[in-house]
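Let's have the full structure, built from the sequences with the hints guiding it.
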Amino acid sequence: MGIDPTGTDIHLGHSIPFRKLRAFQDAGHTAVVIIGDFTAQIGDPTGKSEVRKQLTAEQVRENARNYLEQLRPILDFDTPGRLEICYNSDWLSQLNLAKIQELLATMTVGQMLAKEGFSERFTKENPIFLHEFLYPLMQGYDSVMVDADVELGGTDQKFNIAVGRDLQRHFGKNPQFGLLLPILIGTDGSQKMSKSLNNYVGLREDALSMYSKLEKTPDALIKDYFELLTNYSLAEIPENPREAQKLLALEIVTQFHGQEAAIAVQKTAQELVMQGNATLVESVPEFSLDQVTFPAKLFYLLNASGLCASSGEGRRQIQGGSVRLDGDRLSDVNLAFEQAADLDNKILQVGKKKFVRLVMKR
Numbered sequence: 078m079g080i081d082p083t084g085t086d087i088h089l090g091h092s093i094p095f096r097k098l099r100a101f102q103d104a105g106h107t108a109v110v111i112i113g114d115f116t117a118q119i120g121d122p123t124g125k126s127e128v129r130k131q132l133t134a135e136q137v138r139e140n141a142r143n144y145l146e147q148l149r150p151i152l153d154f155d156t157p158g159r160l161e162i163c164y165n166s167d168w169l170s171q172l173n174l175a176k177i178q179e180l181l182a183t184m185t186v187g188q189m190l191a192k193e194g195f196s197e198r199f200t201k202e203n204p205i206f207l208h209e210f211l212y213p214l215m216q217g218y219d220s221v222m223v224d225a226d227v228e229l230g231g232t233d234q235k236f237n238i239a240v241g242r243d244l245q246r247h248f249g250k251n252p253q254f255g256l257l258l259p260i261l262i263g264t265d266g267s268q269k270m271s272k273s274l275n276n277y278v279g280l281r282e283d284a285l286s287m288y289s290k291l292e293k294t295p296d297a298l299i300k301d302y303f304e305l306l307t308n309y310s311l312a313e314i315p316e317n318p319r320e321a322q323k324l325l326a327l328e329i330v331t332q333f334h335g336q337e338a339a340i341a342v343q344k345t346a347q348e349l350v351m352q353g354n355a356t357l358v359e360s361v362p363e364f365s366l367d368q369v370t371f372p373a374k375l376f377y378l379l380n381a382s383g384l385c386a387s388s389g390e391g392r393r394q395i396q397g398g399s400v401r402l403d404g405d406r407l408s409d410v411n412l413a414f415e416q417a418a419d420l421d422n423k424i425l426q427v428g429k430k431k432f433v434r435l436v437m438k439r
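Under the working numbering, residues 78 to 439 are what the sequence shown spells out, in order.
Incorrect hints may have been included.
As the list claims (entries may be wrong) - Only pairs whose alpha carbons sit at most 20 Å apart, straight line, appear in this in silico SDA-like list of lysine to any residue: (1) Lys374 - Leu407; (2) Lys176 - Arg159; (3) Lys269 - Pro295; (4) Lys272 - Gly397; (5) Lys423 - Ala346; (6) Lys272 - Ile260; (7) Lys235 - Gly266.
The set of hints was computed from the structure by calculation and includes no laboratory data.
Dropping the structure here:
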């Protein structure tokens, strides 16, 4: 399983193939994690409508350290022979022009343009740079160098994994099998989990934030989340959706923070809900959304509602991670709401003690 450290955090969607890799470890196999410290400097073009911003070697090394730390609760790092960690810069940085020419000669431009992202960009006349064509070949060459028997990845990695099979044949090796895992739908219930869409649960989020997000998992996703993110059988899932949500949240928080912490935050979350229900009527002040012209920026709402003294302070509070809406942290400084109905009867919060209930006139 290869992973390009192009960011600082891993979310639950990224964890799915690593959970499967752990299953291979538990079955007696050697798991090989390839840190794409070389390929990350190009960036996987899969699913991208434009060229990725290239990272420096220093950025990639720091991201790699963060990634491995976040994978410790999932993979067995400690049992000898269970895990190998490789860095593809060890071989890719050594390729000379003759070897690069050999790699390029294994594929045609037509084959490259069959890759979904390239095809769309070519049709829309968005630029495709030549170094991006190297990415699938370099990822495929990783499989050659580690003698991979099986390569794991999301369903969006089918093209890249198939290139690995072709290159293994080219270099006289047995072609690997590709094991493709589903892409996780995010907490919004509609689009794939992504930091940019703010519908994710990060592996190193604090226990309470993780629990609070997961106990609101949309009913339609509960079965998928249990199947992809836990070891529960589907027969063990409670029929009551609310009980299933709480069990799911408890189980996943336990994986990353331990059972004691998970039980504690479940209790805290329940207390917050009870306190919230009691105070919604009695002590949380209301702010009329009729005073605001929509679309409206979040930082403006924080100022207009009195939670922040200015829009500038609102921006700082958002950047500092202190702003929540119905318990969910909002971190996008430029977040805007299109209409008042999207916020009606929701609690806007700054820090631990400042709350307002957003309401529309009836």
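We went through each hint and held it up to the structure:
no. : hint            : result
1   : Lys374 - Leu407 : holds (12 Å)
2   : Lys176 - Arg159 : violated (32 Å)
3   : Lys269 - Pro295 : holds (14 Å)
4   : Lys272 - Gly397 : holds (16 Å)
5   : Lys423 - Ala346 : holds (17 Å)
6   : Lys272 - Ile260 : holds (14 Å)
7   : Lys235 - Gly266 : violated (24 Å)
Consistency with the previously given hints fails for numbers 2, 7, ordered from lowest to highest.
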